[in-house]
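So the chains spell out like this:
There are 2 protein chains.
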Amino acid sequence: MHDLQGPYLLFLGHEDNPLAIKTSRGIAQWRPEICIGEHGNPLTLGLPKMRPEEAAQHGAKTFVLGLTNTTGDIPENWQQDILEAIDAGMDVANGLHQRLSDVEEIRKAAETKGTALHDIRHQFGSVPIGTGVARSGKRILTVGTDCSVGKMYTALAVEKDMTAGGFNVDFRATGQTGILIAGTGIPVDAVISDYIAGSVEHLCPAAAENHWDVIEGQGSLFNPAYAGVSLGLLHGAQADVLIMCHEAGRKEIKDKPGYPVPDLQDCIDTNLKMARLTNPRVRLGAISLNCRLVGPEKADTLCAELEERFAAPCFDPMIHGAAKFVDELACPAA
Amino acid sequence: MHDLQGPYLLFLGHEDNPLAIKTSRGIAQWRPEICIGEHGNPLTLGLPKMRPEEAAQHGAKTFVLGLTNTTGDIPENWQQDILEAIDAGMDVANGLHQRLSDVEEIRKAAETKGTALHDIRHQFGSVPIGTGVARSGKRILTVGTDCSVGKMYTALAVEKDMTAGGFNVDFRATGQTGILIAGTGIPVDAVISDYIAGSVEHLCPAAAENHWDVIEGQGSLFNPAYAGVSLGLLHGAQADVLIMCHEAGRKEIKDKPGYPVPDLQDCIDTNLKMARLTNPRVRLGAISLNCRLVGPEKADTLCAELEERFAAPCFDPMIHGAAKFVDELACPAA
Chain X
0 MHDLQGPYLL FLGHEDNPLA IKTSRGIAQW RPEICIGEHG NPLTLGLPKM
50 RPEEAAQHGA KTFVLGLTNT TGDIPENWQQ DILEAIDAGM DVANGLHQRL
100 SDVEEIRKAA ETKGTALHDI RHQFGSVPIG TGVARSGKRI LTVGTDCSVG
150 KMYTALAVEK DMTAGGFNVD FRATGQTGIL IAGTGIPVDA VISDYIAGSV
200 EHLCPAAAEN HWDVIEGQGS LFNPAYAGVS LGLLHGAQAD VLIMCHEAGR
250 KEIKDKPGYP VPDLQDCIDT NLKMARLTNP RVRLGAISLN CRLVGPEKAD
300 TLCAELEERF AAPCFDPMIH GAAKFVDELA CPAA
Chain F
0 MHDLQGPYLL FLGHEDNPLA IKTSRGIAQW RPEICIGEHG NPLTLGLPKM
50 RPEEAAQHGA KTFVLGLTNT TGDIPENWQQ DILEAIDAGM DVANGLHQRL
100 SDVEEIRKAA ETKGTALHDI RHQFGSVPIG TGVARSGKRI LTVGTDCSVG
150 KMYTALAVEK DMTAGGFNVD FRATGQTGIL IAGTGIPVDA VISDYIAGSV
200 EHLCPAAAEN HWDVIEGQGS LFNPAYAGVS LGLLHGAQAD VLIMCHEAGR
250 KEIKDKPGYP VPDLQDCIDT NLKMARLTNP RVRLGAISLN CRLVGPEKAD
300 TLCAELEERF AAPCFDPMIH GAAKFVDELA CPAA
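These protein sequences, in sequence, are chains X and F. Each residue of the first sequence is one higher than the one before, counting from 0 in numbering that gives the first Met the number 0. Each residue of the second sequence is one higher than the one before, counting from 0 in numbering that gives the first Met the number 0.
If you are wondering where the hints come from, they were derived from the structure by calculation, not from laboratory data. Glycine is no exception: its CB is placed at the ideal position from the N, C-alpha and C atoms. No incorrect hints appear here.
Part of the chain F face toward chain X, derived, beta carbon under 8 Å:
#, residue
1, GLY197
2, GLY227
3, VAL228
4, GLY231
5, HIS234
6, LYS255
7, THR277
The shape of chain X in the complex, shown without the other chains:
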């Protein structure tokens, strides 16, 4: 697994599309303490603007390409920035499809300088075949009615409130942004399919009985492209608690016209049924309701309705945080 060294200098590229720096924005939000600056123009996250050399003098260890683009390639006009960071002695972390090590100038510079190139989507060491053997410790997994409903955000919000509540807890990242935020993890959707469950067993191994892993889920059992990843993740996680993530107002599965978002009851029942294979004690712990589309003013009413219907805490993590769930975890209702 990767082990990225903080502090980070976040690279924002040279374009003006704010969606492209979503990953950097996530890192700055969830790990502000390790983000000492940003580099690139014209976009900004409000961090101090620093060139790599200056950032290195301030202690920055890793230059993070917290960007996405449609091709997945490393654009030519980033190479000078990357080479500058390597020259300043920094490691480089990359979540794009193209490998840093496939760009000859970058590979040579890193070899010469002795700095590390972290291609998040590619290098994560060897992972085992799943065993299904029960593990000690407790695990929470965020699952969803679809992709991009807030599974990573919810897991991070839960970790934050559990840490504040004195729990012994770790966030376990399964996607690129999560890995850059946590500094470690396994991109489960990039693993060979025979190893999905095994990679998750490896990611969140047996632990002390009072230790909690909060695992970032991926996809949905009801997404016709990615459900295999979601099921392998569900089996490998052996979760004690599932948090169902849903976007209020979404009608169709993302990029899959004609596929309706599943009924919430059916989605919860199906996830619990499939999860019971590797942990018969699994239960629904909460519903995380993303109210972006319907507007925050409706959040309280909608959450109250779902709490009534499913007898479980319901919250929008961006509006309410996850305290409602964490409080009940600490002191379960009779």
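With chain X held as given, fit chain F onto it using these hints.
Just chain F now, with coordinates in the frame of chain X:
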């Protein structure tokens, strides 16, 4: 995708473990017309023994390493045989983990001679992300209560009887042995996990309305290591008909102590429920009952019981063939 050229010369290695040549045995059973000989000692499949040069003179186009071993590496004492085949102008097909192209002498010899090296587990071209878009044509998928219950064998038996019955039909291979038998296919368990469903959509594309694909299933929704592969395959297949494969007398999931084989009703219901996501018209077409453990003398009684219980034809393909199912497919009962 691979496109292996027949006829084949089957390589049986130099060991005396009959289990190691299971793949070659499968090829000789299901595609006798393309197996012109065998090479290696002391094991035999009863085919004419031929050295590569002689086989090439008889028209053999591909030297097939239809063997497995525990390490997945190409043993040193096979290299001379492989080089001899290349020297005779034959392609080489390999289902082991190690790539032929990673053995320098073999790679160089093939380059010099201009022959192809088919590493079945590795090269299958780029595969797309699943779309879930409904496809024309009809598809049958073999699913199972576990691994190694007869999903490939059943699919091949069904293809054989459908061909005999005048159907327009193709067997679609998803594992190494199946690919060597069919001469083409995609090893679904070796695909990056994000692409499982997409690779199966690619493997059995839209076809004429009277065309049938018989797709080889993998794993089981109830196997804690491999269920992700099985679910992606189920979604990508968009099967009209499922055939549930089961081994009578098996108590536990293979290599997973403590995991009981699922209840047949539950396994059928769960497969149908999950399959409906991409094809709402999916139905159970038959049960394939592997009677190896309980003995062939019990097959008729056990099959009759399951036919009564599930109102679907039940057969052991090794004992009965698949005619019972195929007859009903041609002339469904009122």
